[in-house]
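Asks: Order-wise, the sequence lines are chains L and V. Quick note: the first sequence, position 155, residue 155 per UniProt numbering, numbers continuous. Quick note: the second sequence, position 207, residue 207 per UniProt numbering, numbers continuous.
Be careful, since some hints might not be right.
Stated by the list, open to error - If you want the footprint, here are the derived chain L segments under chain V, 3+ residues with CB under 8 angstroms:
hint : segment
1    : 226-232
2    : 274-281
Said to hold, decoys possible - Pairwise CB distance ranges (calculated):
hint : chain 1 : residue 1 : chain 2 : residue 2 : range
3    : L       : Trp286    : V       : Thr209    : 50 to 56 angstroms
4    : V       : Gly59     : L       : Val132    : 45 to 51 angstroms
5    : L       : Leu299    : V       : Asp292    : 47 to 53 angstroms
6    : L       : His28     : V       : Lys323    : 35 to 41 angstroms
7    : V       : Lys137    : L       : Trp286    : 37 to 43 angstroms
Think of the hints as simulated: they come from the structure by calculation, not from any bench. Values in this document were obtained by computation on a predicted structure and should not be read as measured data. Where is the CB? At the ideal position from N, CA and C, for every residue including glycine.
As a plain string of letters, each chain reads:
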Amino acid sequence: MPRFLSWSAAERLLPALTLAALLAGIFHQQPRAMSYFGLDLLLNLSIPIIFATLAQMMIIAINDLDLSIGAFVSLVACIGSTLLTTEPVLGVLALLAGIAAYGLVGALVEWRRLPSIVVTLGLSFVWLGLAVIVLPTPGGRAPAVLSTLVRVKPPFAPLPVYVAAVVALLGWLAVSRSSMGVVLRGAGGNPRSVARAGWSMLAIRVSVYATAGVLGTLAGLSLLGLTTSGDANIASRYTLVSIASVILGGASFTGGRVFPVGAVLGAMTLTLAASFLTFMRISPDWQIGAQGFILIAVLALRALLTRWKETS
Amino acid sequence: MKALATATTVLLAIGAVPASAAETKDMKIALSNNFAGNSWRQAMLKSWETVTKQAVADGVVAEAPAFTTSENQATEQAAQIQNMILQGYNAIVIDAASPTALNGAIRQACDAGIVVVTFDGIATEPCAYRIAVDFKKLGGMQVDYFKSRGIKGNLLEVRGLAGVFVDDEIHDGIEAGVKADPDLKIVGSVHGNWTQTVAQKEVAGILPTLPDVAAVATQGGDGFGTAQAFKDAGRKTPVIFLGNREDELSWWKQQKDATGYQTMSASIAPGSSTFAFWVAKKLLAGEKLPQDMVLPITVVTQDNLEDQLKHTEKGSVTNVEYKEADVSGLLAGLKK
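This is chain V alone, in the form it adopts within the complex:
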């Protein structure tokens, strides 16, 4: 019976709900991350560190460490989350290895009174907050941009990794946009796997079979390779929608200076981790937020290209680190 009594005390201690709603300076927020092996995740962790270090220094929260599992495995991340429950964090921000396999651990965290915010890799457990990316919109906005430029004719689509949810979503967005627009027609489609070299090879392979291409819809990480393939084939460079990678933006800048080339670029900022951080902080402070939120897409245009390029590190992705006020503004926009 004593064990049970102790258990209850601990439960109460761990599940401590903020007494005064607005005070978060003694609270601890942890980041649970499953993978750190690419430039996007590295930038994501770095943004988290920059923003949370400042937040801790400002006395917004007591502590906000980031943890990455040593292997990219859902069971390991579930164990990591259970450890965080024990360590007494008030909120856990998660980039999940699997949309479902962490649900059990997340449920336990919620039951212990912990705020759980998932972003990028989101989890389906209803008690968790989700900050998702509207990948369909990322597809649709490309067609909208081509339309706004008055582009008519043939469209080449460079897709991502086959079978991955993100690829399907962006593709659906592009397809829906093209269907609604009789002036555009998809004449070819290849899988560039979000990798410049693969995209270059695949596009080079399909180009000889294609008529004149007016525009290329992409998914990010593949625009520069596509441009190279067109150049090598000696064809006129179409309007290639880019994905905020540093090499893509540098290429765009070159073309812009040389020939006045115009296009647009969009992707998800790795700084979304900081967005999730502020959402967690707001929830701890007692604010009511919707369970499902949509992350804004970071857009680079003809006008702010130079500015964005300056802030994008070599080999990285255009990043946005959010401040609390930015998040409040975006969330206010969402509610309308």
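Here chain L stands alone, though its shape is the one from the complex:
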């Protein structure tokens, strides 16, 4: 039966449609938001969330879950606001050490066959502890380069829009179009056959975790640029937000089903959802519930699409 749109394309379009609907709602509530300045304000805090979401997506692609990403992003922001400003060389080394540590965690998970949830949950306390040691009381100052960089005003559209577009494109090329991407998704879908085909699962896991570390570092630095100073708890909610964004973007927890473009859109959707609810003047007591409701509504719609796809 010829159709205007295939079911899987509709499923793929769902994150974009959700975001569009939310934006329409916001513009209706607050016409001022429909401008360069307005979009910049609404979306600039989504830049670090986009990076954190992609870090989480890498981990989810190989059937793991990272419960430490929020704490790691906070740690990066703390290192960035102290060491990186006062002793740039040492600061860069510290950040590289963080990425290496992420890779090591991947190795540990693979070697000892540990559940990633347990390892990363424990790790989140290590990151928090280190962050408190680096920056005992909130403060510090972001390197001037960072704060200028995130405040760049490019022509036509505000910076977050460009960042989202570029990151989504790169992610799509790397995960959905390259041969490395095939291996990555294969490692999540059927690790045994990937291993049998001659790939080292250890190498895969280490590089996936290290990539997540790089993305987490980018998240921390961009967040630092926006806030201009650090706090050991600054990004603790990113852990759950990043997982929700990945899933909202069409991914599944298992099977190597991840979509970078969807994940980026999911991150923007969750950033905007809170603003939308504030503009609607919904009482804060109901806001968490309302955010959850948006999430459930989108997921329910997706489940319906999947069912139609199977029956048609």
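Put chain V on the given structure of chain L with help from the hints.
Replies: Just chain V now, kept in the frame of chain L:
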């Protein structure tokens, strides 16, 4: 280019500076709050509502809603402040989740021509106004009070939550006061975490090791528990400095009626939000105010105990809701 042009128009519209300096009746002030989970914050929000509702009815400002973030997170509050910039508020009053993590958003607000006033949880961004609490003084005034009563001898110190800035400040104030006074000596120190039950347990634990205690310095929320610990240990009740909590004042009233017990009580009034409101209003009206202001400490004495207790709700904290004239008077005092 059109996007840029629109952006500039919006910037101008949002950043509109009051044309006539004294007219604020069309202006909007928003409260950004990060946490509402304890009695102090609840009282703070309630005071804001009472005072601003009246101000709106009187035509002082057009609107003054309060917003609390659903999670106690700095990034969420930063987003909330950015939303307020978009909503076109002329001033934003903030009880900040972090002294530093909101600086970026606050800077954006200032750049858009918005007056930013932070209080209680203050922010370090230079363009914001800060209404801070002199916690050191809250410590020092306790020693001063003991001195004025002619108390000599051993002092027990009940501290707050370890590692929190407020605890360190009050402690420094007490320590500095004791150092300057050879008649007083700190013989013991426990962390009561600003909670009556914790304070009671901790004080009960240390009491057997202590000689006679003449006075107890506290941080608020711990005085009643301390008194219970002394009573349970069968020791004479020392002069316990209290912290304006309703249970503490009720206990004081009982003791006063029964034995003529004398002490003093001090803390920060949750109504400081209303102080911040009037400061924001004055700034919008074009008044020049110092960037850093100090919030007055609310004191309950032997003479006004009954009166204050009457106005303190059960389970709450002694409160003061400021009127514009009060704020003007206090600020005039500050300038001297």
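Asks: Against the earlier hints, flag every one the structure doesn't satisfy and list their numbers going up.
Replies: none
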